[in-house]
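Going down the list, the sequences are from chains A and B.
By the count of the working numbering, the first sequence reaches residue 1148 at its end, each step adding exactly one.
By the count of the working numbering, the second sequence reaches residue 1148 at its end, each step adding exactly one.
Mixed in with the good hints there might be a few duds.
One copy or two, either will do: identical chains are not told apart, so a pair holds if it fits within one copy or between any two.
With a straight-line cut-off of 20 angstroms between C-alpha atoms, the simulated DMTMM-like cross-links for lysine to aspartate or glutamate are [what the hints assert, rightly or not]:
{"hint": "1", "residue 1": "Lys659", "residue 2": "Glu822"}
{"hint": "2", "residue 1": "Lys634", "residue 2": "Glu1069"}
{"hint": "3", "residue 1": "Lys666", "residue 2": "Glu1055"}
{"hint": "4", "residue 1": "Lys1143", "residue 2": "Glu1111"}
{"hint": "5", "residue 1": "Lys1143", "residue 2": "Glu748"}
{"hint": "6", "residue 1": "Lys1146", "residue 2": "Asp1068"}
{"hint": "7", "residue 1": "Lys666", "residue 2": "Asp1053"}
{"hint": "8", "residue 1": "Lys1143", "residue 2": "Asp899"}
{"hint": "9", "residue 1": "Lys634", "residue 2": "Asp804"}
{"hint": "10", "residue 1": "Lys1143", "residue 2": "Glu1131"}
{"hint": "11", "residue 1": "Lys707", "residue 2": "Asp717"}
{"hint": "12", "residue 1": "Lys707", "residue 2": "Asp718"}
{"hint": "13", "residue 1": "Lys666", "residue 2": "Glu617"}
For the record, the hints were derived by calculation from the structure and aren't laboratory data.
Number of protein chains: 2
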Amino acid sequence: MRSHYCGDLRKEHIGEDITLCGWVHRRRDHGGVIFLDVRDREGLAQVVFDPDREESFALADSCRNEFVVEIKGTVRNRPEGTVNPEMPTGEIEVLGKELVILNKAETPPFQLDEHQNVGEEVRLRHRYIDLRRPEMQEKMRFRSKVTNAIRNYLDDNGFLDIETPILNRATPEGARDYLVPSRVHEGQFFALPQSPQLFKQLLMVSGFDRYYQIAKCFRDEDLRADRQPEFTQIDIETSFMDEEGIMALTENMIRKLFLEMKDVDLGDFPRMPYSEAMQRYGSDKPDLRYPMELVDVADLMAEIEFKVFAGPANDPKSRVTALKVPGGAQLTRKNIDDYTKFVSIYGAKGLAWIKVNEIENGVNGLQSPIIKFLGDDVTMAIMERLGAENGDIVFFGADKAKIVSEALGALRIKVGEDLNMAQCEWAPLWVVDFPMFEETDAGLTALHHPFTAPSCTADELKANPLEALSRAYDMVLNGCELGGGSVRIHDQEMQAKVLEILGISDEEAEDKFGFLLNALQFGAPPHGGLAFGLDRLIMLMTGTESIREVIAFPKTQSASCMMTEAPGEVSAAQLRELNIKLRKTP
Amino acid sequence: MRSHYCGDLRKEHIGEDITLCGWVHRRRDHGGVIFLDVRDREGLAQVVFDPDREESFALADSCRNEFVVEIKGTVRNRPEGTVNPEMPTGEIEVLGKELVILNKAETPPFQLDEHQNVGEEVRLRHRYIDLRRPEMQEKMRFRSKVTNAIRNYLDDNGFLDIETPILNRATPEGARDYLVPSRVHEGQFFALPQSPQLFKQLLMVSGFDRYYQIAKCFRDEDLRADRQPEFTQIDIETSFMDEEGIMALTENMIRKLFLEMKDVDLGDFPRMPYSEAMQRYGSDKPDLRYPMELVDVADLMAEIEFKVFAGPANDPKSRVTALKVPGGAQLTRKNIDDYTKFVSIYGAKGLAWIKVNEIENGVNGLQSPIIKFLGDDVTMAIMERLGAENGDIVFFGADKAKIVSEALGALRIKVGEDLNMAQCEWAPLWVVDFPMFEETDAGLTALHHPFTAPSCTADELKANPLEALSRAYDMVLNGCELGGGSVRIHDQEMQAKVLEILGISDEEAEDKFGFLLNALQFGAPPHGGLAFGLDRLIMLMTGTESIREVIAFPKTQSASCMMTEAPGEVSAAQLRELNIKLRKTP
């Protein structure tokens, strides 16, 4: 019906008779003339209706915001002095000749440019209006372009797009899956996939060599700000390729994507072993935009009497570390109190600090409530190790290693943001050499998943599981895990050994993924892969804070959809057919 | 790890040192030399191991079928007389120099080339082996290429790929959905989407203008041979485009696809009104490869005494029709009995026939048990109307119109296949001008869905709903519905009218799709779209009989997965968390 998109009109169209279709974004009555700003996917165009065309003038006059219109007219120069350099179409306007109102609109529940003052609930309830906002249009379009660019890259590199099932096997020992009762098989359930992990490994056993899928995944978890019950994964798996090959291929993909979509060259991604990342940044996904590092000082504190430090300093499972913040001496008491509250989220019981005012005066040039507990010598030894300079503040963490790393690691980024200390806009890296296992109250668990290959032999693994490293790798950007993957175990005996170490019984293993264990017997190739979180990638690339802003129809934090009011009630007959009933009637 | 795919090796590689990775497809010991046919995604290459390289010879000798190997060697000409013109790599072979066994393999449950003799259950149970077969590799690759080509076409035409949710609203009046109990909202359920219909319409209301998605859809139905519980749809919706525009765009997409993928030019698709399709072919998806048509003869039989024909001939809801099969006089009594059984599937109570031996002798030249009931004049009048010639057979159907159309429509194709009567390989068409409603025992129902726009005004619709035609269109290829769609209702009052005619109460409408009805108030543009069944498209393009052959991990007809044994049992604790329990313990 249209000849041009509104947002595409430019000087070169002047003199052309055109047809526009779109929404009345704004109607103004000015000097006896009606101005309609008409909006479509590509942007806005100004259309002028003169009173000498009576019919169209009257129709234009009757238009209200969000009416749907079809307009025939002629493109012309805007009169001198009315050019709008802010608008891509700001040099021209359309002289409206015919107008058809294709549909009327009630006054929308919120104006498109007033969404900031509108609660997210209202926006989500009327998502079809919220999505009209240029920012949302732009985000959805950006997302579409990204998936397209990724598909093209993978296609160009010989990857096959293969679909894996959504209705999967549920198991009694399963993690918290979304379950789907089977009507045909009484008392049995499907589970929605948390990832296509096992299927993509089987596709490698089948010899497809290079697989990808932009796959929906599901997790029935209590939602944090950046989680959704269903999310989208760029899922990749290859055969006969080691970690170097996989990392090069996927790094190149992300680099190319940033270049194409944002004109940003991410350069070569540095690599950092997990242990170093934890040591220097207190995180397995360090945000390298901020230069500050954690510096361990346990050895300097081992002998002091002050137990808050000496205790952890003498406990191998604890950590005593310092974070020097250049220029941080300017922080107020209030700032420091806020940071103390901040680290308490991570379990830290306090936040000791030393301000460096005049380091040339030794401890007399320092300001801190803790120097008297540390003693002058220890204090100065710490200052020396940190290379403290005037104007710095030093924060301390002393507790179980996990708490200290998480608390100081998070503080590092928080302070970095607050003091605008980012040294670059984009800081990608690979974190590698993860441990195979970590110790939890429930015993050993796999840091990645039980199909991750170790970088040692089965015997070495067995002898010293907590020392063993895996062939896993995470791609991190600005402190976010963009994607993670590993070389997988393709050897049946190694797989058995890992399951044994994890304390997974043969029966449980058979029940949960017996088909994979079987498949490993019939000629499984060496293989590995990686999965990127698409939603998070789009968030990062568009600078969006909430995952809900990059998904067309997201769920709230209570896993419901404000617009459709999902989930909903069903009838007793529906449940009967599925052989289930409610435990309590709501 | 590899330098070349096995299947890519050609004469131009002769003399090159290469590395192959793949599976031992066959191992032969011939004239003191070991031949390994090594297989990867791209095909087979023959590798020769001489005894003078002791180590690699011994390893090659120890290889068994489906072992995973890495081989270094040199490409050379095959000795004269051993060139295999059947194999793409049949002119060359590889002289094996080094061999690494990357993984061993148990004897597979079936040999890859013996699958024909293996039950489908065994193949599905070991799908990862079944998928190694070159046919399956080729089908998955073909499917990947098709989705890619479609995405590129739609991307080139300004369509945005937008994801819609899988966890949707379940409603008490819902069709039979797959349900997902909500853990957070006690007693409530999500439903998996049967299609993204409502969401794509909302995206049009949001102004995205052109949307597509290759979307997973779900239907908890008793499965027929060509159905799966989860299937994939190429889902398309556009705004400000009428049926002509949408049909042109999608017809062009399919034409381009056939040209690119199969080098077939489908030409312009003819169009046929629904009523004509039913009349001439007894089907709303006629297979135009076969020229035979149904010819109604009720008027000629209205006066005869034989009630089997005269009854239906005088009943407006019945149909009496004839199908002339050129050359069909050769059919045996046994053939005709089989066809009689065949039409009984569709409810036909018998299958009357007349063989035309010597039409120049009038009824004496005909052979049939029914001439005596019809009488000579009626018989000859029918022969004349049909233009019967010597060698023909004429079949008759007389019953309720639905039964006759279905039975004779199906017989037409069955006989056409049996007698190889196809006049072309590909016969596409559009079926248009569908009725808005059909009458069922439950009252009026929408032939497409309740959001389909009528081609008349609301008043005309109300006055005569069963006469009203819709703006729906189906793309049919070789008797299969490839896709279907319509211009949607964008006017709130029209939508209310249609729901009223369908007897859907305000309450039920509000409950099931109140958000769409709301959205129509806030400036919905004229819009329409179409959805293709991707699985069926691939089946047709690859000449596959079963939908399970074009899906990597399909479900059986009892909606279970032989490989993973989905669905499975879950624990009482899992159910408790979801606030449900089993009605009967299995």
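Numbers of the earlier hints that this structure fails to satisfy, in rising order: As far as the earlier hints go, 1, 2, 4, 6, 8 are violated by this structure, in ascending order.
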